[in-house]
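Asks: On the provided structure of chain A, position chains B and C with the ligands as indicated by the hints.
Residue numbers (the working numbering), protein chains in the order written: chain A, 1 to 776; chain B, 1 to 278; chain C, 1 to 159.
Quick caveat, the hints were computed from the structure, so don't treat them as lab data. Quick reminder that beta carbons are idealized off the backbone N, C-alpha and C, glycines included. Honestly, I wouldn't trust all of these hints.
To be verified - One side of the interface only, derived from the structure: several residues of chain C facing chain B at Cβ under 10 Å: (1) Asp6; (2) Ala26; (3) Leu58; (4) Leu67; (5) Val74; (6) Gly107; (7) Glu132; (8) Ser133.
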Amino acid sequence: MEEPKHIGISFPRKDGEDKVRGILRYLGDKQSPQMLHAALKTSPHAHALISKIDTAEALKALGVRAILTGEDIPGNIGIYIGDKPPLARHKVRHYGEPVAAVVADSEEEAYAALPLIKVEYESLPVIHSPSEALAEDAPLLHEEMKTYTHIPAVIPEPGSNVANRTRIRKGDIESGFKACNTVVEESFSFPPGDHVAMEPRASTAEILDDGQVIIHSTTQAPFVVRNLLSISYNLPVGKITVITFPLGGGFGGKAGIQLEALVYLLSKAVGGRLVRLVNSRENDLVSSPGRTGLEARIRLGCSKEGRLEAAEINYYFDSGAYADYAVNISRAAAIACTGPYAVPNVWCDSLCVYTNHPFATAYRGFGHIELAFAMERAIDLLAEQAGFDLLEFRMINAIRKGDTSPTQSTMDSNTGDLKMCLENVSEMLEWEKGTREEMPDGKVRAKSVTCFWKAPAMPTNADGGVILTFNEDGTVNLHCGAIEIGQGLKTALAQVLAEKLGINPGQVHVVDEVNTRIAPHDWATAASRSLFMIGRALVEAADDAIRQLKQTAAIVLRCPTEDLKVSEGRVFLADEPDIGLPLADVALGYRYPEGNAVQGQVIGSGRYISRRLTEIDPETGKGRPALEWTMGAQGVEVELDPSDGSYRVLKAVCSMDVGKVINPFLARSQVVGGMSMGLGFAGWESFIFNKQGRVINDTLRNYNILRYGEEPEYEVKFVETPQRDGPYGARGLGEQGILGMPGALAGALSGALGRPLNRLPLTPQTIWETGKEGAK
Amino acid sequence: MIPFDLEYYLPESTEEAAAIFAELSEADKGPLYYGGGTEIVTMCRQQTIKPGALIDLKGIPETTALEVDGDKLIIGANVTLTELNEQDYFPLLAKVARVVADHTVRNSLTLGGNICGKLPYREAILPLLTADADVVLAGREGRRTEPLEDLFDKRLKLEKGEILVQLIVPKEELKRKSWARRREKHGPVDYPLYHMIGVQKKDQLAVAVSGLCAFPFRSAELEKKVNDSALSAQDRVDKAPDLLPGTIRNDEIGSDDYRQALWQRDLAELLKKMGGAE
Amino acid sequence: MKAYRDIATITLDINGEERRVVVRPADTLLRVLREKVGLTGAKPGCENGDCGACTVLLDGLPVKSCLKLALEAVGKKIITIEGLKDTAIQKAFMEEGGFQCGYCTSGFLVNAYALLEKHPSSKSGADREWLESNLCRCTGYEGISRAIDKARDIIKEYK
Ligand SMILES: Cc1cc2nc3c(=O)[nH]c(=O)nc-3n(C[C@@H](O)[C@@H](O)[C@H](O)COP(=O)(O)OP(=O)(O)OC[C@H]3O[C@@H](n4cnc5c(N)ncnc54)[C@H](O)[C@@H]3O)c2cc1C
Ligand code: FES
Ligand code: FES
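With the rest of the complex left out, here is chain A (with noise of 0.2 Å):
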């Protein structure tokens, strides 16, 4: 085979000139004179009755067209579970949950009015954890759940604040115990946060007046949203169009449905005028989902030689006040539960409990950061206790080819070398020079590693697709119902494109904007399976345009199809690369000088579904829900001075297999974000809340993330154990970056405590209370 040209190569991002010349236009940059402008009456309160809501003073506002309360909109929203009246109706359950939404004339007027909505609320008891949630004498969020629809593979318990729980029966539990040597037990556990992309979420809707929806929104998932609204409103499915521009960063925060559904009522509620509605960063911290928090308890025990025995395993995630994504996040942790470990013995029970939070949805790493932390903990105390170097002992455990999951699913020939990225890690941290260090000063440095793995959670039959039309000069557009959201997969795109077609990925043209009505269908821009899937769609898609252009060329060159060759912008004789025609004269289909016209334009289409998936046993959890599983070890170096708690990150190192990689510097930037955002997870990124349940840091002041200056020198590795079924080897990798960071901040601090640190945030103040206890 040819060496690949594009593959493999940093071309530069696609849409890298109108980022740095700040023209390129995101949804809430797209205003006009016609709009009406929409703000929202949030709660105050973390779960209380709605006792009553006088809107008559807000009405007569200046400006004010329409205002809506639960009352006004019957029926509920959701993913997997229709839990969620877009306005709280009754009671709310959530500090900053929606109680009412004004539409006026303008921004500022709509703003204006929400003072004058007077809410009078009794409070209810709340609910501050899942353990809270699943006590006996627990108040139930959701006492009509029994009339909730859902899909089948979720099953809420009524008469509990369980949304859904995910069983794992591998192997027989109790014999596996008694064969190990060493057992540990104990509980991980840190609270909600946030996904903070820097663009806010914002949504527009119109309804025409032959009833067609036409909605704008900065989602993930724009056919998600219209099959949802088609489902929730008995909309044709045909008759709406969900229209996305690239997004302002998303990390899972927008693949689900919350703003499209409300602002296609208030559209309906001032008779189907285009209405705008754009979060303030206070809404989108605690209005629109965030992440889930998580409570875990793991039993983990190992053999004489450190073999991993036997993993009883149970993770309670906070999904908040509404299941969302959350039911498939505990689902998703449930089928990886062990994290890339042969393990031959496994119970797990994973629940997804509702309570008095911010709700929560998808987010980067979708239940593999949280199984990640938990189980790395785990492992780190257990393989201290058995005598093992953390390093060595993952070293025992990884998982390879052969070994089985925990859904009992045979890990295949594209098994990622796990040993090898642990090797890597073990190279980039020097782990030889040891892992511990008291320096003169009384600081304490320290390292950690942890390993990582995840598969795409999705339907079965998620899919993707790809068409590819041609221009006059023999360029070629681009289409697909994937997302631009940052992580350039349209550039890594028309790489792939340009390397099928042997032309420059110059001349591809990537379409950005989406809808649904022109794309090809699309499950959805999230769980880092874009460049798989689409991928795969786009080299069928290419070769069925290679036909086309071949078949004409073939015409006109009074040759059989089968000599010809494309390449270089042109088709030509394979074995006589003179004879040939440049593409732009084939591509919009051939004309003879006198005149005459042959076969017409090339359009090349390609589609991808998911392959020989399977739903899980709901009893044991056998099947094979995985696609593909990318897995990596990562490790940082930290500097903690014990006195206060303070600390450094010195370095950050992570090592991954990717199959392929496509475009280098876009796949190590992409990994470098993921691990920046590990950190502040782990560190210090969380929601604060009060006695009475209520978000104190809803602002970006409070809120922390990564900032300037804080990063650590960062070093990535890719390891290339070809993903066969994947484009040009490759799989998935756009979220796999965070997912070994917490755990490896929770490690190498506590290695430097001396003291294990097993619930974040890992502030300052918490390491410092913790030392504290250690030493009295």
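Replies: Just chains B and C with the ligands now, with coordinates in the frame of chain A:
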């Protein structure tokens, strides 16, 4: 984005400013003086305040002056923290100004706004408290100059409609040996857990702290204890928490225990570095 | 004394062009730039002074335009990202991966541009001091800090 309407005035003298303030108050417009706006604009957006008019003081030359006049440094109240950071007449003020908010915000944020703001921190006042500065105020009744110490009790006690025009610092206070430490929950842009400065004066070590209690302070009792040479340094540090003018803050930024523990350590370090009186 | 009691017409000097705009006295500079002038490069990320996505230059100094009244900018030179063309820092951001989603990019570039004007040659503590005013969620800052170094190189070469 400010959702409601308001009026905006740009007076050129304190007299003009005070007069329009009075007029607007009379008309129930609830006017506010406006410095850098970094607090006012955010609070207006959240509608936690709803002034009917803003009177921007930055058009008054006196409030933006920064100069040495004989044996005094004159600091206009609406000089920005960036300008304070870049001057070298008063290094401690430069240092303290450098750690409030972030650099871009400091290009707008003014000293007067910081001192008169609603937040509990108001860190920029610390070096002025230890420097025995005077404040120049102007109002309907004319102007007055008073020792800051007399006017500052938890907050600057302005009469309604009074403008903080300038702060005046005696020259001998400008270059004293000093020490400062700001501690945050996480990083430098955060609000402080506390911010403490120590200044070696002729007869004593002066100490001022923000963030520890609900207001910034320089306390005579605390300073007495800190300077008590009959006690060992450790004893002074141990007794210090009892002499605070208020309870130690316990909030989402940090617990009272954590604040106290760190503060006592820093106080010990301050004593070690600075000895005591000159 | 200038007084603005109601909606008023003002002239703003934006990227070297005089622009007449009608504003409410309460309008922030960010909103006026985006909604009245159509320059949407400066972004709202928080409208609370915390994220820096709205950064523009006023007489050469970076400010958060969400915290400025448009009226305060009268008589000052406003530079937005749209006013920066082919600068070293823009080039460096492209080459070094200073962005992914691009939402924070205008603010970062404008701030970094002013930083390099003030500190063109040496890498100093000023980099962190200035740039910690802006938040980026995508990049982990690695590409941004590399781009600053690169821009300094480009500027040096140019001289
Ligand atoms: C990102 C960010 C970070 C921040 N971090 C900090 C921090 O770390 N520490 C901290 O202390 N603060 C911080 N702040 C809050 C900061 O906005 C206020 O403390 C600030 O000092 C206000 O100054 P200003 O000049 O902008 O005042 P303005 O908003 O203009 O005014 C504030 C108040 O002072 C009054 N005022 C202003 N000038 C005068 C005068 N000359 N005479 C009488 N009254 C006057 C006004 O009427 C108003 O009540 C931060 C703000 C932001 C946006
Ligand atoms: S929008 Fe101005 S700082 Fe965030
Ligand atoms: S590039 Fe997305 S926030 Fe910076």
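Asks: So, for every hint listed, does it hold in this structure?
Replies: We went through each hint and held it up to the structure:
{"no.": "1", "hint": "Asp6", "result": "8 Å, holds"}
{"no.": "2", "hint": "Ala26", "result": "4 Å, holds"}
{"no.": "3", "hint": "Leu58", "result": "8 Å, holds"}
{"no.": "4", "hint": "Leu67", "result": "5 Å, holds"}
{"no.": "5", "hint": "Val74", "result": "9 Å, holds"}
{"no.": "6", "hint": "Gly107", "result": "9 Å, holds"}
{"no.": "7", "hint": "Glu132", "result": "6 Å, holds"}
{"no.": "8", "hint": "Ser133", "result": "4 Å, holds"}
Violation of the numbered hints given earlier is absent; every hint is satisfied by the structure.
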